[in-house]
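Student: We have chain L; now place chains Y, G, R, V, W, C, A, H and F onto it with these hints.
There are 10 protein chains.
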Amino acid sequence: MNRNDVTEMIVATKIRKGLKWGDVAKTVGLSKEWVTAGCLGQMTFDASQAATIGDIFELPQEAVALLQVVPYKGSLPTSVPTDPLIYRFYELINVYGTTFKELIHEEFGDGIMSAIDFKMDLQREPNPAGDRVSITMSGKFLPYKTY
Amino acid sequence: MNRNDVTEMIVATKIRKGLKWGDVAKTVGLSKEWVTAGCLGQMTFDASQAATIGDIFELPQEAVALLQVVPYKGSLPTSVPTDPLIYRFYELINVYGTTFKELIHEEFGDGIMSAIDFKMDLQREPNPAGDRVSITMSGKFLPYKTY
Amino acid sequence: MNRNDVTEMIVATKIRKGLKWGDVAKTVGLSKEWVTAGCLGQMTFDASQAATIGDIFELPQEAVALLQVVPYKGSLPTSVPTDPLIYRFYELINVYGTTFKELIHEEFGDGIMSAIDFKMDLQREPNPAGDRVSITMSGKFLPYKTY
Amino acid sequence: MNRNDVTEMIVATKIRKGLKWGDVAKTVGLSKEWVTAGCLGQMTFDASQAATIGDIFELPQEAVALLQVVPYKGSLPTSVPTDPLIYRFYELINVYGTTFKELIHEEFGDGIMSAIDFKMDLQREPNPAGDRVSITMSGKFLPYKTY
Amino acid sequence: MNRNDVTEMIVATKIRKGLKWGDVAKTVGLSKEWVTAGCLGQMTFDASQAATIGDIFELPQEAVALLQVVPYKGSLPTSVPTDPLIYRFYELINVYGTTFKELIHEEFGDGIMSAIDFKMDLQREPNPAGDRVSITMSGKFLPYKTY
Amino acid sequence: MNRNDVTEMIVATKIRKGLKWGDVAKTVGLSKEWVTAGCLGQMTFDASQAATIGDIFELPQEAVALLQVVPYKGSLPTSVPTDPLIYRFYELINVYGTTFKELIHEEFGDGIMSAIDFKMDLQREPNPAGDRVSITMSGKFLPYKTY
Amino acid sequence: MNRNDVTEMIVATKIRKGLKWGDVAKTVGLSKEWVTAGCLGQMTFDASQAATIGDIFELPQEAVALLQVVPYKGSLPTSVPTDPLIYRFYELINVYGTTFKELIHEEFGDGIMSAIDFKMDLQREPNPAGDRVSITMSGKFLPYKTY
Amino acid sequence: MNRNDVTEMIVATKIRKGLKWGDVAKTVGLSKEWVTAGCLGQMTFDASQAATIGDIFELPQEAVALLQVVPYKGSLPTSVPTDPLIYRFYELINVYGTTFKELIHEEFGDGIMSAIDFKMDLQREPNPAGDRVSITMSGKFLPYKTY
Amino acid sequence: MNRNDVTEMIVATKIRKGLKWGDVAKTVGLSKEWVTAGCLGQMTFDASQAATIGDIFELPQEAVALLQVVPYKGSLPTSVPTDPLIYRFYELINVYGTTFKELIHEEFGDGIMSAIDFKMDLQREPNPAGDRVSITMSGKFLPYKTY
Amino acid sequence: MNRNDVTEMIVATKIRKGLKWGDVAKTVGLSKEWVTAGCLGQMTFDASQAATIGDIFELPQEAVALLQVVPYKGSLPTSVPTDPLIYRFYELINVYGTTFKELIHEEFGDGIMSAIDFKMDLQREPNPAGDRVSITMSGKFLPYKTY
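Chains as they are written, first to last, in my numbering: chain L, 1 to 147; chain Y, 1 to 147; chain G, 1 to 147; chain R, 1 to 147; chain V, 1 to 147; chain W, 1 to 147; chain C, 1 to 147; chain A, 1 to 147; chain H, 1 to 147; chain F, 1 to 147.
Honestly, I wouldn't trust all of these hints.
[To be verified] Covered stretches of chain W (chain V as the covering partner; in silico rule of three or more C-beta atoms under 8 Å from a C-beta of chain V):
hint: 1; stretch: 14-26
hint: 2; stretch: 31-40
hint: 3; stretch: 60-66
hint: 4; stretch: 87-95
[Unchecked claim] DEER-style ranges, computed between Cβ atoms:
hint: 5; chain 1: Y; residue 1: Pro-143; chain 2: L; residue 2: Asn-4; range: 41 to 47 Å
hint: 6; chain 1: Y; residue 1: Pro-143; chain 2: H; residue 2: Asn-127; range: 21 to 27 Å
hint: 7; chain 1: V; residue 1: Glu-125; chain 2: G; residue 2: Thr-27; range: 42 to 48 Å
hint: 8; chain 1: F; residue 1: Thr-27; chain 2: A; residue 2: Pro-60; range: 27 to 33 Å
hint: 9; chain 1: Y; residue 1: Lys-17; chain 2: W; residue 2: Ala-47; range: 58 to 64 Å
hint: 10; chain 1: F; residue 1: Ala-12; chain 2: Y; residue 2: Glu-8; range: 18 to 24 Å
In case anyone wonders, no lab produced these hints; they're calculated from the structure. Glycine included, every Cβ here is placed at the ideal spot set by N, Cα and C.
Pulled out of the complex, with its shape left as it was, chain L reads as follows (with noise of 0.2 Å):
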């Protein structure tokens, strides 16, 4: 069994049992974003947070295991994306990747976004013209340093 099984367990009895994931990270006490992302492989969940993954999920204790195991991260099959949803943030950076890097080192200087220190927020945006999908991400900003 490895993590990716996981993964797939837990997916299965999402859909089995109808659980949100919205539902799943009340119960865990923690953002949506995060707790799906640890759910599809990603993060590294606690003792008490694996515990409460499995018994939502009614994983076996070996599953319980590998949550607590940081996993090897990156969730997509192929380096371009093929899913129209996923593709279309693939497009952002496409178009606006220069413009992120001219406008963020205007601001601060030479440096990046830290990936690492980052959370984000993923909200409907009700809208007369059409509801609108809304993502607030924010990331410590690291400064290159000269040494």
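Tutor: Quick look at chains Y, G, R, V, W, C, A, H and F alone, frame taken from chain L:
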């Protein structure tokens, strides 16, 4: 002369004159995100916007005309970006891509977040533990329909 | 069991029972294009549609549940398709892609033809010099907006 | 001078003189789809057509000669297109490719839709919910034969 | 069971029973080239041909049905083949590809040699300096037409 | 100046003077297949052949010298060709590659068809249903030997 | 069972019984280089050689038959090898490839060193500064001929 | 001017003056293999060697200086070589790579054959059945050590 | 069973028994860096080390034998790693690779740092601004020699 | 002029004047590792540092300005490096990447070693068996946090 040459002219003049994208955007009267993307060859300006950009960056007439032609988009030289700042966004898609997919489908059903009917805002978020980059994206949800 | 397994079950039963996609679509009450795409794992059925598909293809309950979950889309095993029929469509994009771009921008300005708010119809076009395949695609135009 | 240089000359003159592909096509007396593809370096003009194109775009004699030579086709710089408009067509093949295959084989048997004995028509389709792009493709069916 | 499994069954039985493709083709009553391609999963048999193949290779009923379904074509595992015999054909295209293009266009104008309305014949050519492989290919010329 | 520049000079002069490869080959006294491949930068001419080519295409002395140097071979810009005519040959390898392998090994045992001790002939084959391209290839069989 | 399974059986038995390739080759009566390549699935054994290999590695009858079938060659999982020992050979081609080309053409004219009519010998070369690996390759020169 | 420009100068002068690598190497006083690799931009000359090379090929002072700078190595334009002569070496690694690995490890244990502390010798081997290319490589064995 | 299966057994047992690599290494009596690499399938153990590893991880006899066979090295599934921790090392090579090259050549001349005669040490470096990872690598310099 | 042009100017002047990176770094007053990376186009200089670099390498004013603009990072032309010195570092990641991952997670938990808040030191390590390259890297550990 092609659009890429125009981008290089703009960038060279920006460095020489010490301009800031934020100020350019104010003169044009639009957001700094969209104006920067346009100056970097990803968006199409109308005649009046192009004239303003032409004045700011001292562009020849042919370049001003090119700013009004829809460009072949895609601002990165490789399918996996090598620049650390831009890579972090690619990494976020790799790690969180399936999470985006699950949460948007849970909230909206089958469909995508538009990367066309889309806007974003990038801000400095002061923080005693180190300032943060805050990015808010808003894209219309487009549902797949049966037919 | 995952969505790919469901697709294989559907295809195997279709061959064994000698079914036709056109007849399946009529039973479901939707177009043959959308129903076939759904049966091949690219679209999401609602509960009633999934039940009908389940009856036709004698699927187990778990498979019927999976038909109602948004799939990870992308039906081809390689980025350049090897199958001659499918390659011809890829070739059309390679040869006519910039023509699509020029003509759509000339008519509509900067933006795209939606691949989500999209439908298509595929018909046999009788012709004495050899019958033809006729495909009509219709996608909403989505303009890039300034902001 | 090569065919690519001719394409760049044509595009530059088109922008400078504010020409439209539709009007160019009318002068040539053929469809806007075929004429645009030819001007973008994908089709071969005969002597009279090339002379007309040469007049419209003020091309030198060497360029007019090149328009009559069969070009090395393929108009895109990468195997997966980065431009959002062109990518949507690639996405359609990724999502609907196996559907095209199933439905054409169901109707016609083993074979392909020709991308050579092929024509297409691209129109604006007015729609109160937003105008649509309508594309009709027609290609001869070519059967695999036993031998 | 899928078409690839059928190919593996055929190849295993061929080795076990010491069959030859040439003899299989004679029993089927078609060329050895087409029959071998079909047995290797690239062509579609009709009911009577499939029954014959099923008898020769002792295939189960499900396999015989699969032989009559149009397969997803493409028989090589990598885009540049690693097997030395097959690579030599790829090398010929690499070295002579532009020559094919020039000579066919010189003789026929713009268009292609069909790979669908196509047949070939492979023979041993006795030669005192070492026997030679002789391959004769014949494909219909398909012209690009203006429209 | 490199061999690629020489190829471009030859092609430009051929267009300007309206030459035909078949006539060039007759003047050189060799097959049109080999001479065209040489003119396109894939073969090495001897001093006398190079002088003839130099006369026909009005090449400078340095170019005539380069025609006598063994070139770095490979005439295609991408590993999967984008040009429809050349792609059809690649498709034939994809579909028939394993058939070539089976039939050649059945007739000759383990080994390859040489792509070096190789010649070919390309002819128009008149046919009331549409003329055909006929290509005859002949390559020495080279057996793997044990040692 | 396929040839790859046979290779795995051979390797597993070799480890279990502590065999050496050099001794296997002596029993077969051929060079250790060719026999090892054959055991690793790259060469074709005749009936008597296959029987010997079958005895040594305790292979079932089906495996012995497979050893006599020409395999699909290519023993590496990626186009740039990751294993350090094998990579060093790839590096030699990267660094010395054009040198091989220049020196062979200087000595022999246009053509190649055969990789089919080829043999090699790998030996330990004692050296006080550290023993060396000595590899001698011998391949027939095959000239390109005009025709 | 960069090292690649120097290589092009050397090659152009070699063709113009009809020089041979073997003679150049004799003048330099080293093997033809190493000197050719150096002239092709893969090795670093010392001051005296560079002066000699500069005299032979009539290089400007800046080029002579560049010959003494360690180059960025790698002489091939693609990861799988397209040139038939060079490809044969790549094919040998593909077919014999795992054999090299097995035999070297059998003789020496875990480690590699150095591609740095390495030399080789390339000779014509007369043979009544056709002369052969003989290449002898010698590289120090470097063992992995535990620590 | 192959080496990869052994790695999976080791990792599963490590999780189940809550072992630490540092403690495993102490029992084996070597550095934690080398022992971990070996347990992950990259190094070769001798008989006594393998027996110790077998005891710790409760491996079957066949697995203990496999630990003593030189593995096919390369521990990552893609050529550009997707895991954020491992990617950072790849990024360092991308950003600092040419710097490594310049500084090592400035100090040592043409040659490389051995990745075989190599050892490393990974430590926690306490720091009030956040603890740091400290890695010390030491590899023998291997000079290119003339011959 | 772009940053790459500035790098080429710096490298050309360094060769012409026989400068050493170590001395350049001393004049700038920072480490040789960071200064070299900056001169090779990977880091951003402040005004005073850029002026010093400009003096040393006799750069024009426009180049000095470019040194103060954050560059698009990534110094290698291919995703797998071809240069033997740089490849050895890539090989270390391939062989030891999962070891880095295991040991850092064992010591620190889930997170990464920063490649931004990072410094390194490269030294010659005298050794009677051959001098060694010693590289010490130090990067801040950045933990993934739950939210």
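Student: Each hint should be assessed against the structure and marked as holding or not.
Tutor: Going down the list of hints, with the structure as the test:
Evaluation of the coverage hint for the stretch 14-26 of chain W: fulfilled, as 3 residues show C-beta separations to chain V shorter than 8 Å, against a requirement of three. Restraint check on the stretch 31-40 of chain W versus chain V: 5 residues with Cβ-Cβ distances below 8 Å, three needed, restraint holds. With 0 residues having a beta carbon nearer than 8 Å to a beta carbon of chain V, the stretch 60-66 of chain W misses the requirement of three or more and the stated coverage is violated. With 8 residues having a Cβ less than 8 Å from any Cβ of chain V, the stretch 87-95 of chain W passes the three-residue criterion, so the hint holds.
Distance hint check: the CB atoms of Y/Pro-143 and L/Asn-4 are about 30 Å apart, inconsistent with the given range 41 to 47 Å. The hint said 21 to 27 Å for the Cβ distance between Y/Pro-143 and H/Asn-127, and at roughly 51 Å that hint is violated. Our hint of 42 to 48 Å for V/Glu-125 and G/Thr-27 is violated, since their Cβ atoms are close to 57 Å apart. In this structure the supplied range 27 to 33 Å holds for F/Thr-27 paired with A/Pro-60, their Cβ-Cβ distance being about 29 Å.
Evaluation of the 58 to 64 Å hint for Y/Lys-17 and W/Ala-47 yields a pass: the beta carbon distance comes to about 60 Å. For F/Ala-12 and Y/Glu-8, the hinted distance range of 18 to 24 Å is satisfied, since their beta carbons lie about 22 Å from each other.
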